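Colleague: Going down the list, the protein sequences come from chains A, B and C.
Residue 1 is where the first sequence starts when you use our numbering, and the numbers rise one by one after that.
Residue 1 is where the second sequence starts when you use our numbering, and the numbers rise one by one after that.
Residue 1 is where the third sequence starts when you use our numbering, and the numbers rise one by one after that.
Quick caveat, the hints were computed from the structure, so don't treat them as lab data.
Keep in mind that a hint or two might mislead.
Claimed, not checked - So the derived label-pair ranges between C-beta atoms look like this:
#, chain 1, residue 1, chain 2, residue 2, range
1, A, G266, C, I130, 39 to 47 Å
2, C, I258, B, L274, 49 to 57 Å
3, C, S87, B, Y247, 48 to 56 Å
4, B, E4, C, N183, 57 to 65 Å
Unchecked claim - Capping the alpha-carbon separation at 30 Å, the derived lysine-lysine pairs in DSS-like fashion look like this:
#, chain 1, residue 1, chain 2, residue 2
5, A, K216, A, K360
6, B, K51, A, K346
7, A, K87, B, K51
8, A, K216, A, K162
9, A, K91, A, K63
10, C, K88, B, K145
11, A, K162, A, K182
12, A, K296, A, K360
13, B, K172, B, K145
14, A, K360, A, K287
15, B, K172, C, K79
16, A, K182, A, K360
Treat the numbers as computed from the prediction; the structure is a model and nothing was measured.
Yeah, the Cβ is synthetic: ideal placement off N, Cα and C, and Gly gets one too.
Below are the chains, spelled out letter by letter.
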Amino acid sequence: MTMKIGILGAILGVSLVAASAQAGTIKIGFNVPLTGFAAADGLSAKTGAELAVEQINGAGGVKGDMLELVIYDDQASPKEAVPIAQKLIEKDEVVAGVSGSYSGSTRAAAGIFQEAGVPYISAYAIHPDITRAGNFVFRTSFVGEVQGRAGAKLIGESLGLKRVAIITLKNDFGQALAAGFKEAASSFGIEILSEYEYSIKDRQFGPIVSKVRADKPDVIYASGYFFTAGPLVSQLRAGGIDVPIIGQEGYDSQKFIEIAGAASEGTIITTSLDRDSSVAETQDFIKAFEAKSGQKADMVAASAHTAIKVLAEALQSSGASDRAAIRNAIAQTNLTASTGQISFNKLGEVQKSVQVQIVKDGQWHHHSVIDDAELLSPPSE
Amino acid sequence: MAYEITLLTTMAISVLFALSLNFITGFCGQISLGHAAFMGVGAYTAATMMKASISLLFVIPVAAVFAGVLGLLVGFASLRVRHDFLAITTMGVVFLFVGVVRQQEFLGGEIGISGIQQSVLGRTGFMLLCVVLAGVFAGFSLLVKRSWLGFVFDSIADNEDVSQVLGIDVAKYKLFAFVVGTATAGTAGALYAQHYRFVGPDSFGFVESISVLAMVVVGGIGSVWGVMFAAAVLSVLPLLIQFVDDYKILVYSALLFSMMRFSPDGLAGIVQRLLNRVRNR
Amino acid sequence: MLYLELLFQGIVQGSIYALIALGLTLVYGLLRILHVAHAALFTLGGYIGVIVTNQTGSLALAILAAMIVVGLVGVAMYKLAYEPLLSKPPFIALIASIALFIAAEELFRIIFGPYGLSYENPPLQGGFEIISGFFLKYGEALVIILSILILSVLGWVSGYTRLGVSWRATVTDPDMARAFGVNTQHVRYLNFFIGSALAAVAGVLVALLNNLVEPTMGSVPSYKALAIIVLGGLGSIRGTLLASMILGVIESFGTIYIGHLLDRDALAFGFLIVVLMFRPQGLLGTR
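Generate coordinates for the entire structure from the input sequences, incorporating the hints supplied.
Modeller: Listed below in structure tokens is the structure:
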């Protein structure tokens, strides 16, 4: 009897081991805001990342192993992100991490990942200090300053408008963009008439609208997320201001158009997702995302999707066991993704062209591309 | 093991922080809706000093002093306004703190201070430091509770005017409670800065003040053991119930509401009732 | 002209604050409870306003629906949450209220999604020029008109009807009022109903001005309204109105001219603390 049980046990044991050896999973950590003020972007990012994982697994995974996202809600708060990063590294033992969250939490987590020698990719958080955490940290989207500079070129050169009123969201995102814009402004002949700041909780912009109208600018450069930009643009137009309004990737969502309604027509933004792109990766992503989520694709989702793809690509060449090797493979990336051509410089920053989109007939469409390599070169240290 | 050490450290820091509020609100009856501001003062002080490579041992007392000074100022305010007015004034303090901090470039502005170095004590050593500090303050609280000072606090918490008439220098004791409570919060803040290695203006706001008040009230206002237990559990609850994920804040607030509705004297009250039931068998 | 506009913007914002803070003052005056969860009723009003307008195309119907539904929910909140806690120390009710508010915000997010809702055909878009250079949006005009209307009606009811007298009696001395045959329970229900309905109107109006309702739109009003009623003097309706307007105007000018020093909230609370240090009972409060 004991013999029989013993043999049964051994067979069971061996088959279990064999089974787990066959269906290997590669765990990727993913911190994203699912509750709190950033929950909307968090949901988009999560869906974008999940789509990428589904597509990769559907195509056979990475060398036969399936990718698994270990998702934690960090509420876009650094205080939550730090223990989450530690949990991902120590408890879940992820091979690498991707941040689907804002700059504050990404920055806090980046330090933890760097110290533990685990690769970390920031999907869309723009603060410059994130990649300065170390050589294990990469970023697949524009550094704030770079996008700001692109905005200056767009306004001063492409659109030929010189007198600007700046409306800045008072957080790291808005301030980084404004800093880049102001830095490059003079080289494009731009005169900054005034700058106003607002907090991420504000939705009533009455006083700013009045003051901006009194300033009589040729163009407005306003930073924000769709939930602040929507009301802002709507109120600017309702306040009788007709001049062009230039935004950035924070606006990049169908929700912006829904909120601002007719007022959104003609709004121009710098971003990384071109709805009218002829690049297959971009179009495939847009269609697949809409099919999966029922929502239109936005920059946040596309960036998360790109980050996962970059990681998966690196894993293909490096395998999933040595994190330093994964890190090196990421550094060698040269990939066409939905948000452009991805390759990293010494600091882990990406260099790619800036897409400019405009709202036409209630949809985002291609406006132009900004390609100035020198202007757009990210910091390398 | 490393992850468990992290959890323990988080818990110890929260316990210290909650006990410091308990000293002010639980013992002395002065309601504070802005306690996170004092932790913030300590944390920012510590962060700035640690980035300048000053050792933790020196950082902690300085952080405590800075926080205590702000606490003294707010304590003076408590002499002017009472109860609901005091509650809202303390709420104002934390908004002012956050509003001022986010404008200061040398404090990192919107972005805060990051990249603070790991403690020389190492993870385990630091955890022990936090636990020891929390334990020391818990012991101090228990001692105070049973001493004449505890009686004075009780009296003030019960009725300030009567206490004054009875010859107690209410102002002196209120100020004392504020200074001790806020300086300890500042200490917790310094530990926070070392533990999370990042401080930002969004980490010490109104929400955090409410969270720590919730810990005190759930534990049982005034009860040292109750507050310690509640703080330890509530501080790591979001991490533990990650599986509930989408609903975790809902669960947390539902628990909090139920506690207020059905057992307003907190866990300590529940335990007390259970013990009475057992004794009266 | 700019200053006139900024003043006006301040009055618009102040009117919205007033509509929200009044409900809070009504509750405090009666029960000495800081009803933080009131802000959730504001949000609910906004959601109902958008949903009903999108379904029926009528803003007027939406406002009515919001007032009634939210009024009832407010009464329910009193019955389920506050009535049982009346005998306990007030900070228990405060924490319970905060917990209720957080739970409500989460429910909004879970039920309606994190993205928020917008009007499909936003009513009252655009504006007009009253006098040269002075622009006013239709939505803003509506805020002012509705606020004046509602406050006048309330003032008249409170001062000249039996209902109003019963209410004022209950606030002043509940036992005496009961002795005179006033049904204090009914007065409390009415209190919550009216206060909540006002918050609902504010919610619909804000939704109109922003064309966005979000689960977290009540966060700022939750503590801002507290600051306002304290500033005005806890329990004083006139004080609340005065404080709302003053704060609205201060924020309006402050965000433009000292925005780089302090943000909106810090500005509001800074002002509050200064006032309280000189007048601990608030602007129109009684010692």
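Colleague: Taking the hints in turn, state whether each one holds.
Modeller: A quick look at each hint next to the structure:
{"no.": "1", "hint": "A/G266 / C/I130: 39 to 47 Å", "result": "violated, 27 Å"}
{"no.": "2", "hint": "C/I258 / B/L274: 49 to 57 Å", "result": "holds, 55 Å"}
{"no.": "3", "hint": "C/S87 / B/Y247: 48 to 56 Å", "result": "violated, 32 Å"}
{"no.": "4", "hint": "B/E4 / C/N183: 57 to 65 Å", "result": "holds, 59 Å"}
{"no.": "5", "hint": "A/K216 / A/K360", "result": "holds, 25 Å"}
{"no.": "6", "hint": "B/K51 / A/K346", "result": "holds, 25 Å"}
{"no.": "7", "hint": "A/K87 / B/K51", "result": "holds, 25 Å"}
{"no.": "8", "hint": "A/K216 / A/K162", "result": "holds, 12 Å"}
{"no.": "9", "hint": "A/K91 / A/K63", "result": "holds, 25 Å"}
{"no.": "10", "hint": "C/K88 / B/K145", "result": "holds, 23 Å"}
{"no.": "11", "hint": "A/K162 / A/K182", "result": "holds, 13 Å"}
{"no.": "12", "hint": "A/K296 / A/K360", "result": "holds, 15 Å"}
{"no.": "13", "hint": "B/K172 / B/K145", "result": "holds, 18 Å"}
{"no.": "14", "hint": "A/K360 / A/K287", "result": "holds, 19 Å"}
{"no.": "15", "hint": "B/K172 / C/K79", "result": "violated, 42 Å"}
{"no.": "16", "hint": "A/K182 / A/K360", "result": "holds, 28 Å"}
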